[in-house]
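Novice: These are the residues of each chain, in order.
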Amino acid sequence: SQQGEEDPQALSIQEGENATMNCSYKTSINNLQWYRQNSGRGLVHLILIRSNEREKHSGRLRVTLDTSKKSSSLLITASRAADTASYFCATAATPSGAGSYQLTFGKGTKLSVIP
Amino acid sequence: GAVVSQHPSRVICKSGTSVKIECRSLDFQATTMFWYRQFPKQSLMLMATSNEGSKATYEQGVEKDKFLINHASLTLSTLTVTSAHPEDSSFYICSARRLKGGPRETQYFGPGTRLLVL
Numbered sequence: 001s002q003q004g005e006e007d008p009q010a011l012s013i014q015e016g017e018n019a020t021m022n023c024s025y026k027t028s029i030n031n032l033q034w035y036r037q038n039s040g041r042g043l044v045h046l047i048l049i050r051s052n053e054r055e056k057h058s059g060r061l062r063v064t065l066d067t068s069k070k071s072s073s074l075l076i077t078a079s080r081a082a083d084t085a086s087y088f089c090a091t092a093a094t095p096s097g098a099g100s101y102q103l104t105f106g107k108g109t110k111l112s113v114i115p
Numbered sequence: 001g002a003v004v005s006q007h008p009s010r011v012i013c014k015s016g017t018s019v020k021i022e023c024r025s026l027d028f029q030a031t032t033m034f035w036y037r038q039f040p041k042q043s044l045m046l047m048a049t050s051n052e053g054s055k056a057t058y059e060q061g062v063e064k065d066k067f068l069i070n071h072a073s074l075t076l077s078t079l080t081v082t083s084a085h086p087e088d089s090s091f092y093i094c095s096a097r098r099l100k101g102g103p104r105e106t107q108y109f110g111p112g113t114r115l116l117v118l
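Sequence order for the protein chains is U and S.
Residue 1 is where the first sequence starts when you use this note's numbering, and the numbers rise one by one after that.
Residue 1 is where the second sequence starts when you use this note's numbering, and the numbers rise one by one after that.
To be clear, the hints were calculated from the coordinates, so they are not data collected in a lab.
Any given hint could turn out to be false.
Stated by the list, open to error - Take a look, some chain S residues computed to stay more than 12 Å from chain U by CB distance: (1) S9; (2) E59; (3) E63; (4) E87; (5) D88; (6) V117.
What the hints assert, rightly or not - Here are the simulated EDC-like pairs of lysine to aspartate or glutamate, each with C-alpha atoms no more than 20 Å apart in a straight line: (7) S/K41 / U/E5; (8) U/K107 / U/D83; (9) U/K107 / S/E63; (10) S/K66 / S/D27.
Unchecked claim - Here's a subset of chain U near chain S, in silico, CB distances under 8 Å, partners left out: (11) A10; (12) L43; (13) H45; (14) L48; (15) K56; (16) S58; (17) R62; (18) F88; (19) L103; (20) F105; (21) G106; (22) G108.
Predicted model only: the values in this text are computed from it and were never measured.
The beta carbon of each residue, even a glycine, is placed where N, CA and C say it ideally should be.
Excised from the complex, chain U in its bound form (with noise of 0.2 Å):
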């Protein structure tokens, strides 16, 4: 079953703009992580943040966790035209009886930056 869901679906804004993604989930994780897919495309790896931890920051990225409310937020600012793409949050979990994580993702966020 689905993990992640994110808000909003759909995301249009101007270039320079901060833009905001987030993602609620269902039950508890090993941590967190954010991808980037270009349409057709495969994914890239944007951030991982770990259960214990509350924020992280990677260039123009910052991600929040709040696993009281079991949510997470992706933050990228002074967008681009090139960020324009689908971002998926995945949940990283070890199911029972497993030895290696599994990752669950969400619907995604489609971002369109206009220049």
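Knowing the structure of chain U, use the given hints to seat chain S on it.
Specialist: Okay, now just chain S, sitting in the frame of chain U:
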């Protein structure tokens, strides 16, 4: 480093035929490889997890006899869609987890294979 390739990138086949998709980790050894499918404008759904030298673990609802997975080496996993039907048309994406080096939680994704069954 950590590049994953898939071949072919796109395939069109007739209904009833079988299609093999390869997933390779080019510059690292992968303990585990994952196969996902993605329908248009939807999320990735995990189909199966495979470890080198052992049988794949399939997710609920995924037919193991239809989607054959072979993980013969630490750098290669194959997915064969047997007796493909139009409803199998989808975007198939593999990912790999490193044996050594890098965060163990990170999966490296291939570029995907678009399958169209006529």
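Novice: Now look at each hint and say whether the structure bears it out.
Specialist: Tested hints:
no., hint, in the structure
1, S9, "violated, 10 Å"
2, E59, "violated, 9 Å"
3, E63, "holds, 18 Å"
4, E87, "holds, 20 Å"
5, D88, "holds, 18 Å"
6, V117, "holds, 18 Å"
7, S/K41 / U/E5, "holds, 14 Å"
8, U/K107 / U/D83, "holds, 18 Å"
9, U/K107 / S/E63, "violated, 23 Å"
10, S/K66 / S/D27, "violated, 30 Å"
11, A10, "violated, 10 Å"
12, L43, "holds, 4 Å"
13, H45, "holds, 6 Å"
14, L48, "holds, 6 Å"
15, K56, "violated, 13 Å"
16, S58, "violated, 13 Å"
17, R62, "violated, 19 Å"
18, F88, "holds, 7 Å"
19, L103, "holds, 6 Å"
20, F105, "holds, 4 Å"
21, G106, "holds, 6 Å"
22, G108, "holds, 6 Å"
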